[in-house]
Amino acid sequence: MPDPIESPPLEGVVADQRIRHLTRRSFVTGGVAALAGLGAWRWLGSATPEDGVPWPLRRLLGLNQSLVEGIGMPRGLAPTFSAESIRGASRINGLVGLSHEVDGSSWQLTVQHENRGIVQSIPLRDVQALPRLELVTEFKCVEGWSEVMQFSGIRFLDFVTHFRLATRSGRTPDPAGNAQDLFHYVYLATPDEAYYVGLDIASALHPQTLLSDTINGVPLSRAHGAPLRLYLAVKYGFKSLKRVGLVRFTDARPADYWAGRGYDWYAGL
Amino acid sequence: MRRLEAKHPRAIRWMHWVNFPLLTIMIWSGLLIYWANDVYEIRIGGATLFHFFPDWFYRTLGLDRRLATGMAYHFAFMWFFAINGLCFVLYTFLSGEWRHLLPNRHTPREAWQVLLHDLGIRKGSLPLAKFNGAQRFAYSGVILMGAGSLVTGLAIYKPTQLAWLTQLLGGYMWARAEHFTLTIGYVLFFVIHILQVIRAGWNNFRAMVTGYEMVPARERDHA
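Protein sequence lines, in the order shown, are assigned to chains E and Y. With the numbering used here as the guide, the letters of the first sequence map in order to residues 1 to 269. With the numbering used here as the guide, the letters of the second sequence map in order to residues 1 to 223.
FYI, nobody ran anything at the bench for these hints, they're computed from the structure. Remember, it's a predicted structure, so these values are computed and weren't measured experimentally. It cannot be assumed that every hint is accurate.
[What the hints assert, rightly or not] Example chain E residues on the side facing chain Y (calculated, C-beta under 10 Å, incomplete):
| # | residue |
| --- | --- |
| 1 | Arg25 |
| 2 | Ala33 |
| 3 | Ser146 |
| 4 | Gln208 |
[Claimed, not checked] Okay, the calculated bits of chain E under chain Y, using three or more residues with CB under 8 Å as the criterion:
| # | segment |
| --- | --- |
| 5 | 46 to 59 |
| 6 | 192 to 203 |
Where is the CB? At the ideal position from N, CA and C, for every residue including glycine.
Sequences are here, hints too, so could you generate the full structure?
What follows is the structure, encoded as structure tokens:
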């Protein structure tokens with residue numbers, strides 16, 4: 001087919017014929033493309049859901065995670081703020097797993113490792129005896145709001161190191177030197193397991209991941225997760241489990257309350 | 001006598017039309033996300049002029065209580081939107097099409113004439129060119145907005161890993177507001193774009209589909 005621009009321009013009746021032909025061809029092509037697109041859209045919407053999301057989208061969320069973990073800027077620190085940036089009362093959202101009363105004085109953490117019979121019970125006061133850290137960061141909820149909050153408590157990394165957790169060998173964990181000895185994931189839950197989160201070990205051992213017992217300078221209320229909660233600066237808030245009762249290290253990716261209800265499992269920021 | 005002239009290259013046409021559903025999906029899934037914390041409003045003094053968005057808006061369009069769905073679609077289709085947009089920019093520069101698109105030193109004056117003409121204030125015909133001054137501003141602007149959406153979107157998506165970027169945009173809350181404002185900008189662009197396409201008529205619209213335009217031979221000889 002001659003290109004009208006390369007050859008002498010078409011004029012008059014020939015041009016009219018030619019544009020009619022081009023119009024027919026282009027609209028048919030466009031129509032077919034539009035139908036194909038619509039078909040693809042329908043297919044995507046009706047693809048078998050995996051945890052509440054069509055499986056191709058789940059696959060893409062997984063790819064996003066690998067990409068983010070793979071491009072070698074894995075763990076910067078979340079920006080920190082001065083205490084003056086804290087505005088007003090810390091917002092409360094989500095009360096699943098917090099229904100029963102708790103007694104902080106006798107609180108114990110149950111710690112398990114996959115394929116190991118021993119279940120450890122670690123009293124809260126032993127955790128609280130470890131060095132403390134204050135962290136003022138911007139708490140980010142998946143709903144879209146964010147708030148500068150202060151959490152203080154014990155680094156999860158320090159907790160794991162002191163009690164020699166998270167390793168297959170049972171030795172003291174050494175994320176920098178002997179990462180292969182670490183379990184890939186950790187599962188944390190309320191004592192009744194009504195609410196639970198799954199974390200990749202890198203995020204759990206991030207220096208801004210805390211086991212916290214205060215928020216904005218005051219001890220945690222029940223709604224904020226008394227007596228001990230998790231706080232992660234590098235995840236959306238729904239991963240910051242309130243009322244930590246159970247900690248289990250595992251190599252299989254653990255279940256996660258909101259990831260099972262359509263949200264991204266990784267939820268990394 | 002009329003003659004046939006090539007107007008829009010095939011690649012431009014494809015990317016333009018592919019962008020239409022992609023941007024629609026991004027705005028739709030963005031609204032599903034925004035619903036979960038719909039705090040933006042236009043305020044004058046203490047009075048709220050408009051709240052983004054009234055409840056009937058979400059309910060009519062089925063946009064309520066679908067945050068998880070919105071995030072899944074948004075973080076999947078962002079790739080297609082970004083890749084198509086980057087290809088468009090790349091093609092525009094490599095093919096030389098940018099000469100028709102980017103504003104030059106005549107553009108401000110010409111855009112002003114177009115505005116007066118379209119408002120019915122100025123009579124007489126406009127200079128014949130592929131894109132007039134107003135179009136150059138509008139089309140270059142909307143490309144910049146697309147880049148802005150990618151940048152602000154990344155700042156919201158990875159505010160720890162890209163903390164420098166988030167900070168540059170004024171922080172997490174500002175980046176969100178900027179991302180939202182750009183979206184409103186697309187909708188305004190779309191409304192005006194459609195009205196102008198209708199005004200310009202069939203020959204112009206057909207050129208965006210077929211790539212060719214019928215031009216009065218006489219006028220062409222003057223140009």
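Do the hints match the structure? See the list:
1. Arg25: holds, 8 Å
2. Ala33: holds, 8 Å
3. Ser146: holds, 5 Å
4. Gln208: Holds, about 9 Å.
5. 46 to 59: Result for this restraint: holds, n = 6.
6. 192 to 203: violated (count 0)
Hint compliance for this structure: hint 6 is the single one not met.
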